[in-house]
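Undergrad: Sequences listed follow chains A and B, in order. Numbered by my numbering, the letters in the first sequence go through residues 1 to 211 in order. Numbered by my numbering, the letters in the second sequence go through residues 1 to 211 in order.
It is worth saying that the hints were derived from the structure and are not from the lab. It is possible that some hints are incorrect.
Facing chain A, according to a computed beta carbon distance under 8 angstroms, are these residues of chain B, among others [claimed, not checked]:
(1) Ala72
(2) Ser94
(3) Val117
(4) Pro122
(5) Arg124
(6) Trp149
(7) Val174
(8) Pro187
(9) Asp188
Note that the Cβ used here is the ideal one computed from N, Cα and C, for glycine as well.
This is what each chain is made of:
There are 2 protein chains.
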Amino acid sequence: MTRLPEKGRSDLAELHALLDEVHLAHIGLVTDDSPFVVPTGIARDGDQVLVHGSTGSRWMRSVAAGTKVCVAVTSLDAVVVARSAFESSFHYRSAVLFGRFSPVPDAEKEGALDLLVEALVPGRAREVRRSTARELAATLVLSMPIEQWSLRVSQDWPDDEEADVEGPAWAGVVPVATRYGVPQPAPDLRDGIVVPASVRALSAQPRPTCP
Amino acid sequence: MTRLPEKGRSDLAELHALLDEVHLAHIGLVTDDSPFVVPTGIARDGDQVLVHGSTGSRWMRSVAAGTKVCVAVTSLDAVVVARSAFESSFHYRSAVLFGRFSPVPDAEKEGALDLLVEALVPGRAREVRRSTARELAATLVLSMPIEQWSLRVSQDWPDDEEADVEGPAWAGVVPVATRYGVPQPAPDLRDGIVVPASVRALSAQPRPTCP
Chain A
1 MTRLPEKGRS
11 DLAELHALLD
21 EVHLAHIGLV
31 TDDSPFVVPT
41 GIARDGDQVL
51 VHGSTGSRWM
61 RSVAAGTKVC
71 VAVTSLDAVV
81 VARSAFESSF
91 HYRSAVLFGR
101 FSPVPDAEKE
111 GALDLLVEAL
121 VPGRAREVRR
131 STARELAATL
141 VLSMPIEQWS
151 LRVSQDWPDD
161 EEADVEGPAW
171 AGVVPVATRY
181 GVPQPAPDLR
191 DGIVVPASVR
201 ALSAQPRPTC
211 P
Chain B
1 MTRLPEKGRS
11 DLAELHALLD
21 EVHLAHIGLV
31 TDDSPFVVPT
41 GIARDGDQVL
51 VHGSTGSRWM
61 RSVAAGTKVC
71 VAVTSLDAVV
81 VARSAFESSF
91 HYRSAVLFGR
101 FSPVPDAEKE
111 GALDLLVEAL
121 VPGRAREVRR
131 STARELAATL
141 VLSMPIEQWS
151 LRVSQDWPDD
161 EEADVEGPAW
171 AGVVPVATRY
181 GVPQPAPDLR
191 DGIVVPASVR
201 ALSAQPRPTC
211 P
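Same shape as in the complex, but just chain A (with noise of 0.2 angstroms):
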């Protein structure tokens, strides 16, 4: 993936835009004195970014102490299929947050995790029963205030050289898209209990990758 300075951004929308669409966010932290990341899911509540994990969790416990973190979001978007190799490249957004999370305060974490779940299945929340105090409090939530970010956009048609355009290589651009499968029931399910809104609206998103 070519990272070249006239990729970046500065638009908060555009930022906001992909951190409302892709959910799956790589953390990176530091611990001692190496690298890790963790893939996890993410939410963007306001001007705020929210993950979850298990109270039993090193990773989450570290960053909810206030360890510096990295947080990347990605979406591939397209391949681009250029006349030679090195042309070829993707359509890609990338953010990359830095800062430090902290404990979503007991009194907004019910909150806190509706949004969560309604980010990665809209319409869940309200669906399901609430949450058990023994569940709250195994779980830790976590914001990170969206300060300090970058983002950087590509999506543009092959830039080959001259040379290349008149040869007979073929060049375009690939779209690239994940979707929704057709929704399988558990195998304890009873009878009688049909496919809920939130998970029919989930396999009914467009697919343009489909004929």
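Fit chain B to the supplied structure of chain A, relying on the hints for placement.
TA: Quick look at chain B alone, frame taken from chain A:
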């Protein structure tokens, strides 16, 4: 993403399979005592992983100089929709590799670049012209031995409590898949150049998310 010890795997073949399928890596490093994460393309070459980039890239130069890295390769395979928010999660495969990259020797650079191209667009390397000496000189190709790594795999059905299973909520799994769309020719593509076999093969991959 819950990360429980029982999800850990020690099967090298499973790691290789993930690295051969997912070519987006997030590389963590430490710069000025702070964590930094960069998304980049990756390919496996036997018992090594390869990355490449511009000699003008600061993070590539740092990685080429042998700074410690953590390489995360993640596949998000499904949303696990449980009967409670607490038990809801994801199917994923998550590899994390630790070590240091070093530059691929000049004599092996072209072969390593071909391997990267082939990983990303199988068949493309033989459809394009050879890289020029200038292009090779502007490209850093780095390799890291696959030695220290961990792999976590989550692929279970929702594990709801008995009281929830007896309740009214649906439970199941919604597959997530990454697929290629219809190739878009570049605006400057000359008439009569057809979509090559490599690009047709990408777009023809099975699309289980389609009805």
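Undergrad: Each hint: holds or not?
TA: Consistency of the hints with the structure:
Residue-level restraint check for Ala72 (chain B) holds (minimum Cβ-Cβ distance to chain A is 4 angstroms; threshold 8 angstroms). Here the hint on Ser94 (chain B) is kept, as its CB sits about 5 angstroms from the closest CB of chain A, short of 8 angstroms. Because the closest C-beta pair between Val117 (chain B) and chain A is about 5 angstroms apart, less than 8 angstroms, the hint holds. Among the interface hints, the one on Pro122 (chain B) is violated; its C-beta lies about 11 angstroms from the nearest C-beta in chain A, farther than the 8 angstroms criterion.
For Arg124 (chain B), the suggested interface contact is upheld, since its CB lies about 7 angstroms from the closest CB of chain A, less than 8 angstroms. The criterion of a C-beta within 8 angstroms of any C-beta in chain A is not met by Trp149 (chain B), whose closest approach is roughly 12 angstroms, and the hint is violated. Of the supplied interface hints, the one on Val174 (chain B) holds, with its beta-carbon coming within about 5 angstroms of a beta-carbon of chain A, less than 8 angstroms. Contact between Pro187 (chain B) and chain A, as hinted, is supported at the beta carbon level, the nearest pair being about 6 angstroms apart and thus within 8 angstroms.
Satisfaction of the interface hint for Asp188 (chain B) is found here, the shortest Cβ-Cβ separation to chain A being roughly 6 angstroms, below the 8 angstroms cut-off.
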